[in-house]
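Number of protein chains: 2
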Amino acid sequence: MNSVSRRLLFALLAMTAAQVRAEDGYELWLRYHAIANESLREHYQQAATEIAAPSTLALAQSELSRGLSGLLGRPEPITIQSTRNGSIVLGTPRSSPLITQLDLSLPKAGNEGYVIRSLTHEGHRITVIAANSDAGVLYGVFHFLRLIQTQQPIDALDIHEAPRIQHRILNHWDNLDRSVERGYAGQSIFDWQKLPDYLDPRYTDYARACASLGINGTVPTNVNPSPIGLTAPYLRKYAALANVFRPYGLRVYLTARFSAPIEMGGLKTADPLDPAVRAWWKAKVDEIYALIPDFGGFLVKANSEGQPGPQDYHRTHADGANMLADVIAPHGGIILWRAFVYSKDEPQDRAKQAYSEFAPLDGQFRDNVVLQVKNGPIDFQPREPFHPLFGAMPHTPLVLEVQITKEYLGFATHLVYLAPLFEETLRSDTYARGKGSTVARVIDGSLFGYHTTGMAGVSNIGADRNWTGSQFDQANWYAFGRMAWNPLSSSRQIAQDWVKMTFTNEPAFVEPVVDMMMGSREAAVNYMTPMGLHHQMARTTHYGPGPWVSGGSRADWTSTYYNRADAWGIGFDRTASGSNAVEQYAKPIAAELASTKSTPEQLLLWFHHLPWDYRTKSGRTLWDELVIHYSAGVQTVSGMRRTWAGLQSYVDPQRFNEISAFLTIQEKEAQWWRDASIAYFQSLSKRPLPAGYAPPGHDLKYYESLCFPYAPGHAPLPDAKCE
Amino acid sequence: MNSVSRRLLFALLAMTAAQVRAEDGYELWLRYHAIANESLREHYQQAATEIAAPSTLALAQSELSRGLSGLLGRPEPITIQSTRNGSIVLGTPRSSPLITQLDLSLPKAGNEGYVIRSLTHEGHRITVIAANSDAGVLYGVFHFLRLIQTQQPIDALDIHEAPRIQHRILNHWDNLDRSVERGYAGQSIFDWQKLPDYLDPRYTDYARACASLGINGTVPTNVNPSPIGLTAPYLRKYAALANVFRPYGLRVYLTARFSAPIEMGGLKTADPLDPAVRAWWKAKVDEIYALIPDFGGFLVKANSEGQPGPQDYHRTHADGANMLADVIAPHGGIILWRAFVYSKDEPQDRAKQAYSEFAPLDGQFRDNVVLQVKNGPIDFQPREPFHPLFGAMPHTPLVLEVQITKEYLGFATHLVYLAPLFEETLRSDTYARGKGSTVARVIDGSLFGYHTTGMAGVSNIGADRNWTGSQFDQANWYAFGRMAWNPLSSSRQIAQDWVKMTFTNEPAFVEPVVDMMMGSREAAVNYMTPMGLHHQMARTTHYGPGPWVSGGSRADWTSTYYNRADAWGIGFDRTASGSNAVEQYAKPIAAELASTKSTPEQLLLWFHHLPWDYRTKSGRTLWDELVIHYSAGVQTVSGMRRTWAGLQSYVDPQRFNEISAFLTIQEKEAQWWRDASIAYFQSLSKRPLPAGYAPPGHDLKYYESLCFPYAPGHAPLPDAKCE
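Sequences listed follow chains A and B, in order. Numbering-wise, our numbering puts 289 at position 18 of the first sequence, and it's gapless, one number per residue. Numbering-wise, our numbering puts 583 at position 312 of the second sequence, and it's gapless, one number per residue.
Think of the hints as simulated: they come from the structure by calculation, not from any bench. Misleading hints may appear alongside valid ones.
Since the list can't tell identical chains apart, any single copy or any two copies may satisfy a pair.
Calculated lysine to any residue pairs in the SDA-like style (CA-CA distance at most 25 Å, straight line) [to be verified]:
| # | residue 1 | residue 2 |
| --- | --- | --- |
| 1 | Lys972 | Asp583 |
| 2 | Lys939 | Arg913 |
| 3 | Lys939 | Val515 |
| 4 | Lys868 | Arg886 |
| 5 | Lys888 | Glu695 |
| 6 | Lys939 | Leu470 |
| 7 | Lys888 | Pro691 |
| 8 | Lys939 | Asn514 |
| 9 | Lys939 | His985 |
| 10 | Lys868 | Ala932 |
| 11 | Lys939 | Leu506 |
| 12 | Lys939 | Thr502 |
| 13 | Lys972 | Arg388 |
| 14 | Lys615 | Ser824 |
| 15 | Lys888 | Thr587 |
| 16 | Lys972 | Pro959 |
| 17 | Lys379 | Arg355 |
| 18 | Lys939 | Pro961 |
| 19 | Lys939 | Pro467 |
Produce the entire structure from the sequences given, and follow the hints as far as they go.
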């Protein structure tokens, strides 16, 4: 084909691809549309003329072909056996004599890392993507494609990458009826009714997307599991999924209901020290491994929010976890034991409970038990201090659990980029071994020498065509994967990569959009829960503001329990004069938090109960400062909406319109949060708004009367009536 | 562009379209992939060189452009103002002087019909698509495109089409939490949480698909509605949908909960004769019309399955319907009052109840009330006799309600083409005015001179990418639309059109697939409920066989109530010696059904209780005949699976694989139905299987023990435990 026809071909390919189907976000960041810059495309074409790989790496090879044929406008993938200029050589030492022969420092890459190097071999300029495992090669391929998607140089590569975290796991809170607890992207992608007989091609696309980020584990079932979920028919369904996921390096884990020996096994007890109970679990584990030889292990939520657990039998969490650990150890599995607990009795301060229960158990867990700890001590609030368990368990590997789905951050319609939240936690200094003892260093094992490391993200994935309910929520899945691979990553760098891969490399688009993303989480903190406020949402649905929520079955499920607002002031006293939760932190932190003056103002009301007239660092009263923060949140969102409106020419119409509509919703709901919160707190503070700040659009009664029983993400309310 | 480049262009377009994205069924039958036969394509190209239409018909024009540019391999749509050879002229007499000037017999087309005619105008060969309304033109455009999709001649067209039914309505049983009662295609396509602010482009595609079939009404809310569904925020959501649907000729109707004046209005009663109740409804109706000026009316399920209704106040169905009719009449709306009722008290024979309650009310309803009657007297079973109300209400317009979703016919995974079922009902002769008084003539108004006519289909549409949960279930949506337009249509002809439009025109594919579809419903009857058996499915979920189901809250929700099987025999005696339901039919039918010998064998056990040794027409015993029917159902499905396996070369891989997997599921489940049914009935008949027929694979206890609490299509079961 001559150069003119090639150019014609390319133009047509580009045109038709756009024309055949509108962009709907299904492709995620794996968007291999031809590079429009012709000279750049030709430059890349020269550096990637063929792909040489043995057939055992067929999958990595096919991903590379798929990516390159899209990006470089080639009509079909190319595979040739011998090297020439521009060859990309994939492989492992086992698969390729050439790779064995080159000095690539592969041992340092470990089991999942990879090396990407430009070099000259027998007079040809080639690129080698090498690893010790096939999965490592696949990760390297996605890295190499990312370089082209983000238009980086690929002529003199010398990349050495290895994950800093071993277990990088998505937690799906997906129920067997395909509802998703706290899911805002439609039904579960897992169609249990049709499994194992029908394998939706989407399962493969899901595994591809996970592999592109290095995510290597998935828990497809809810942490509040059905007892039916471990029956034989369901195990066959998970096994079918595991077969699809395996080539992508993605392992299946399952949630285990602690009382399953009673409900499924007909035993009278689930006491972890009862031999019959242990025997039941051993048989169940053997049954699972017979179907899923690389089964990852169990994720367990025990003695929390009504779930059964070892404490029902006066045993400790360690007793429960160790029993399961013992029966799964021969197969190489692990137990992810969640530290998110709270007892049936109302605690004096729920923020203290996980620490109180688990810190004394440090050192009592088996080697294959890890504790999965949420980023903060309450529950995925827009801002929390880091969880005090980080730093407090030197002898027990701690896995960081973050929430990718936005239960408390505006569901799918608010643009809130979560990587800055993850980053804030990871970079928090626990002072456990002196300055520099960051949460990142706790969970990557370097601080205490953990033998096992992990990071878990509660998935935001559903059956919606765009996967996550909104285009921008894809960035949170993406960022979780990148940060689990390397918890020292920069949230801004990740945003840049994602925007370029998902939309365009045009700087006039990338820069304002990345700025918008980077500011979005602080905006949400401001319009929802500024200055350390937390847990102020509506009851049950968690949709919209509810700072007035009180009463009901337990106080620590209400807003007033946390805001403690009254005529005098606002905030939760967690110093020595209050719950003394500050004492759960290392001394330097505890000392800082004990004083209002040294407490960071963004956490002020988390730790202190202060009068409305308390003077903040700005010199303004606390009341004025709160109003200003709420208002700033709304203003930021208005700015985001305006910024986006100016970017129409860079985006396809469908995604542009969807995002525009969602930003309009977000602006409206940010105003609602601000107005409802101010209306409620003003009813107590009795203070005027600072000059120039508009009063809420309605009176407090109006906000209190709003009721949304059909908001998604929770089980249907009985009768679905508004009170 | 010269001819060679044009050919190159075409080849590339075709290639890339296929390459860019796998076929997943989203395009439905509106699949405008370029015609591969080059001479045919060029022939069509000459007959369609440009589209001339005024801007008021922009939508019809854009649909035609979209279709032609795809089918004829043109890179972009063409629109020019003057006519030349091959011009397609669209319009109405109002819009186009040319159309006024031609003698097209347009008055006969009515408000929604159209004329498509080939003619010579000022020396040019042109095609005119004309109607009295824009919607008529749009319907004509879809008809014209269908001719090309199915590769019919378009050179000498003289088509006059008008719908035989006025109201062609989809009934969505979609809840406000996006679950779909008896839905097997994922969540509701209506994303209430994001409406009215975000308009999913899918709403437009839905309206396009409806318009392509002439469907002109949709009820987006469940017949078991939430009291919250008529509040102002939801009305704004429906209004936003109505704005999307309006240009496609698609009107919105809503379900109304009869007790809404109590739940929403705070009244103490919903008595239809109470002036305050009437005033509440009048205000609500005015509120709706202020938002949706072309609102179609209410669909009401009253005094049925626990729903409130006028009988709660000792009023008749007519009292209830007329009150609503009166308040909606000034706006031009109608009331669709459902005849599917059964009282709180168990009837002696549920099949008789609708007739007993409604037949005496004939003539008592307002002009704008229509009664919506299911095809048969029980509930959408694989086979039922026609409903005795058809023919029994000469003074009350009856709308036929069919179920497109396959609640009792294998959910989304069984290939069961429903048009033969619809056709069987429509061609049933009621004898109400002598021979030839078919159900089709009842509902098209020609038999009794109804002033209003309608046909309603319970939707099978959901958020699944393929819309209906399976590729072949799209054919049921399609067939419903075509038959509602013309109830005299042939189910085979409709299948042929659909297969050609959705897959390919290759005769080697079309013929076996159409045969497979045409035989599929009888197969389901055979493996589920042969020879007039009915209501034999599992309790609650309706998933799988449950002929043993008995006990529970009411007998007429059990299988044994209907099969009446015991050691002596099987079947429901509905003759004079039994419930005498036969008397609800016109004399010639009643006489035929009163005798076992003249009752069609396919309905034998619907009307008669017979001994196991009863001799059927074949000379075999009833028992043997039943076993043979069950087995034949499984054999037919096995044949379907084998047929499909041989057609791989005609179908894209994704759809081929999906259908293959579903046929495998269907074969397995057909076997399960056959085996479980035989195991149960054999436990009573104590008779051996006829020679050569394999016994069930398991014992009866096994089949009785199977439990699927998470089967889709119903509200989650409390605790979701197996009994």
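Verification of the supplied hints:
For the identical chains of this complex, lysine 972 and aspartate 583 are neighbours neither inside a copy (43 Å) nor across copies (35 Å), given an alpha-carbon limit of 25 Å. Taking the shortest Cα distances, lysine 939 and arginine 913 sit within 25 Å of each other inside one copy (14 Å), while across copies they are farther apart (56 Å). In the homo-oligomer, the alpha carbons of lysine 939 and valine 515 lie at most 25 Å apart only across protomers (23 Å), although the nearest pairing inside one protomer, at 42 Å, exceeds that limit. Within a single copy, lysine 868 and arginine 886 get their C-alpha atoms as close as 10 Å, which meets the 25 Å cut-off; across copies the closest is 96 Å, which misses it.
Proximity of lysine 888 to glutamate 695 under the C-alpha cut-off of 25 Å is restricted to the intra-copy arrangement: shortest distance 22 Å within a copy versus 81 Å between copies. Within a single copy, lysine 939 and leucine 470 get their C-alpha atoms only as close as 41 Å, which misses the 25 Å cut-off; across copies the closest is 16 Å, which meets it. For the identical chains of this complex, lysine 888 and proline 691 are intra-copy neighbours only, at 24 Å inside a copy versus 78 Å across copies, given an alpha-carbon limit of 25 Å. In the homo-oligomer, the alpha carbons of lysine 939 and asparagine 514 lie at most 25 Å apart only across protomers (22 Å), although the nearest pairing inside one protomer, at 45 Å, exceeds that limit.
Taking CA atoms no more than 25 Å apart as the test, lysine 939 paired with histidine 985 passes inside one copy only; the shortest distance there is 23 Å, against 34 Å between copies. Proximity of lysine 868 to alanine 932 under the C-alpha cut-off of 25 Å is found in neither arrangement, the shortest distances being 42 Å within a copy and 66 Å between copies. Taking the closest pair of Cα atoms, lysine 939 and leucine 506 come within 25 Å of each other only across two copies (19 Å); inside a single copy the shortest separation is 45 Å, beyond that limit. With identical chains, the CA atoms of lysine 939 and threonine 502 are at most 25 Å apart between copies only, with a shortest distance of 20 Å across copies and 46 Å within one.
Proximity of lysine 972 to arginine 388 under the C-alpha cut-off of 25 Å is found in neither arrangement, the shortest distances being 65 Å within a copy and 64 Å between copies. Taking identical chains as interchangeable, the C-alpha atoms of lysine 615 and serine 824 lie at most 25 Å apart only when both belong to the same chain, with a minimum of 11 Å there against 36 Å between chains. Proximity of lysine 888 and threonine 587 under a CA criterion of 25 Å is satisfied in neither setting, with 45 Å inside one chain copy and 72 Å between copies. Proximity of lysine 972 and proline 959 under a CA criterion of 25 Å is satisfied intra-copy only: 18 Å inside one chain copy versus 73 Å between copies.
Taking CA atoms no more than 25 Å apart as the test, lysine 379 paired with arginine 355 passes in neither setting, with 28 Å inside one copy and 73 Å between copies. Taking the shortest alpha-carbon separations for lysine 939 and proline 961, only the intra-copy value of 22 Å comes in at or below 25 Å, while the best inter-copy value is 71 Å. With identical chains, the CA atoms of lysine 939 and proline 467 are at most 25 Å apart between copies only, with a shortest distance of 13 Å across copies and 44 Å within one.
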